[in-house]
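Visitor: Residue numbers (the numbering used here), protein chains in the order written: chain A, 158 to 322; chain B, 171 to 463.
Do not rely on the hints blindly, as some may be mistaken.
Calculated lysine to any residue pairs in the SDA-like style (CA-CA distance at most 25 Å, straight line) [said to hold, decoys possible]:
#1 B:Lys-271 - A:Val-303
#2 B:Lys-271 - A:Gln-300
#3 B:Lys-172 - A:Asp-190
#4 B:Lys-172 - A:Asn-277
#5 B:Lys-172 - A:Val-303
#6 B:Lys-172 - A:Thr-194
#7 B:Lys-313 - B:Gln-333
#8 B:Lys-172 - A:Leu-293
#9 B:Lys-271 - A:Asn-277
#10 B:Lys-172 - A:Gln-300
#11 B:Lys-172 - A:Arg-159
#12 A:Lys-160 - B:Pro-181
#13 B:Lys-172 - A:Asp-163
#14 B:Lys-199 - A:Thr-194
#15 A:Lys-160 - B:Met-171
#16 B:Lys-172 - A:Arg-188
#17 B:Lys-199 - A:His-230
#18 B:Lys-172 - A:Glu-174
#19 B:Lys-172 - A:His-202
No lab work stands behind these hints: they were computed from the structure.
Since we're looking at a predicted model, the values are computed, not measured.
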Amino acid sequence: MRKLFDLALTVNGTRHEQAVEPRTLLSDFLRHDLGLTGTHVGCEHGVCGACTVLLDGEPVRSCLLFAVQAHGHSVTTVEGLGAIDQLHPVQEAFRQAHGVQCGFCTPGILTTVVAFLEGNPDPSEEEIREALSGNLCRCTGYQHIVDAVRLAAQTSKTAHEQPAR
Amino acid sequence: MKPAPFDYYAPTTVEQALAHLAEHGDEAKVLAGGQSLVPMMNFRLVQPSVLVDLNPIPDLAFIQPDENGGLRIGALTRHYQVEVDPLVAVRMPLLHEAVPKIGYPQIRRRGTMGGSLCHADPSAELVAVSVALNGRFRLRSPKGERWIPAQDFFIGLFTTVLQPDELLVEVALPPLPARTGGSFMEVARRRHDFALVGVAAVVSLDGKGVCRQVRMVFLSAGDRPMEARRAADVLMGQAPTPEAIRAAAEIAASDDIDPSSDIHATAEFRRHLAKVLARRALDQACRRAAEKK
Numbered sequence: 158m159r160k161l162f163d164l165a166l167t168v169n170g171t172r173h174e175q176a177v178e179p180r181t182l183l184s185d186f187l188r189h190d191l192g193l194t195g196t197h198v199g200c201e202h203g204v205c206g207a208c209t210v211l212l213d214g215e216p217v218r219s220c221l222l223f224a225v226q227a228h229g230h231s232v233t234t235v236e237g238l239g240a241i242d243q244l245h246p247v248q249e250a251f252r253q254a255h256g257v258q259c260g261f262c263t264p265g266i267l268t269t270v271v272a273f274l275e276g277n278p279d280p281s282e283e284e285i286r287e288a289l290s291g292n293l294c295r296c297t298g299y300q301h302i303v304d305a306v307r308l309a310a311q312t313s314k315t316a317h318e319q320p321a322r
Numbered sequence: 171m172k173p174a175p176f177d178y179y180a181p182t183t184v185e186q187a188l189a190h191l192a193e194h195g196d197e198a199k200v201l202a203g204g205q206s207l208v209p210m211m212n213f214r215l216v217q218p219s220v221l222v223d224l225n226p227i228p229d230l231a232f233i234q235p236d237e238n239g240g241l242r243i244g245a246l247t248r249h250y251q252v253e254v255d256p257l258v259a260v261r262m263p264l265l266h267e268a269v270p271k272i273g274y275p276q277i278r279r280r281g282t283m284g285g286s287l288c289h290a291d292p293s294a295e296l297v298a299v300s301v302a303l304n305g306r307f308r309l310r311s312p313k314g315e316r317w318i319p320a321q322d323f324f325i326g327l328f329t330t331v332l333q334p335d336e337l338l339v340e341v342a343l344p345p346l347p348a349r350t351g352g353s354f355m356e357v358a359r360r361r362h363d364f365a366l367v368g369v370a371a372v373v374s375l376d377g378k379g380v381c382r383q384v385r386m387v388f389l390s391a392g393d394r395p396m397e398a399r400r401a402a403d404v405l406m407g408q409a410p411t412p413e414a415i416r417a418a419a420e421i422a423a424s425d426d427i428d429p430s431s432d433i434h435a436t437a438e439f440r441r442h443l444a445k446v447l448a449r450r451a452l453d454q455a456c457r458r459a460a461e462k463k
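Working from the sequences, and respecting the hints, build out all of it.
Guide: Below is the structure:
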């Protein structure tokens, strides 16, 4: 039996400690060990984007990371973006713009978009499409997803422009 | 499929990492960004029994100017860091142009320069660019260190001169000569797919506008980065007219590359793409060179 690794990391603000095999992928650790099945596994080789999570705020492929590599780091999954009764503004924009159909690609797209808008709050359509180039969707044809990102950016911009009362 | 079991080490210094490699030799694989290695492990195309993770080592990621006007880049520098670095945009515009074409945005957050170069995929953008820019690689082992020119580093498909107990720690890119222009182009069916063919071209002009240095390197056109030496010979000492560029591009496609056929493209189609890209890239590189002082 190979040596287990004493993993300690923060996921969606909560600290977790668990002994894991080094070969356990972060995607599988999140889904099976922590029960956070919002992160989806589509291809397991880095091309589909469904498994994208935020590692210390950066969008990365959780299927291409071993859970042990997140030791001492902070992971945000789609569950950490918002709750059903308090959606993240990006989630709200996707709801309004009908940017979701089956929902399989959506968690990876949401984490990607949240990180993208933080770095580029007023993107052009070309920049939005470029930012989404690492996420595959089989249902929507992408147009409503692009609309949702534009709506999220616009809503955020308007919120910042309004003077505080 | 899931990866086969392995023992995992996370050293915090280069010396510790080298000690692990010295102990385990061929049984060990180095983990940097993991964006090429982990897919292969997930498919069980590789099954290392030991993984040495370089990510916790702090001083392997850096982008620094050298006093001659060139750049020194640490092996663990992420593609994303190179992409957004203003010094890279100014001193190495060819690198700045090529990096956004690597994989997808999420891949570039983890993928590293050293990892891409050591993986030595002939379709990797950085592999061709490092040769086109006359890069030099610093390799460290328990016995000491050595510097290898980029063109001597890649010796075959996914094969470099790196020994089992060696680590690539740094890439040095020399300053561009005056009146030098570069161009990077690649063709893929879908945006960000692996390139069917790509090219990195660097041209330096003399005071009269004649080509005095030409370097053109193809990706996905052989089992390693393919340097178009005969094409460069044709263009050297010539003014970069459309005829001269066309002649160079034809020679490059017919004599300087060795593309293979696969499910994505035939060798003939790759030669055709190479000819078109070479012509466009040389044209753009010459224009950019002419714009410089």
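Visitor: Of the hints given before, which are not true for this structure?
Guide: 4, 5, 10 and 14
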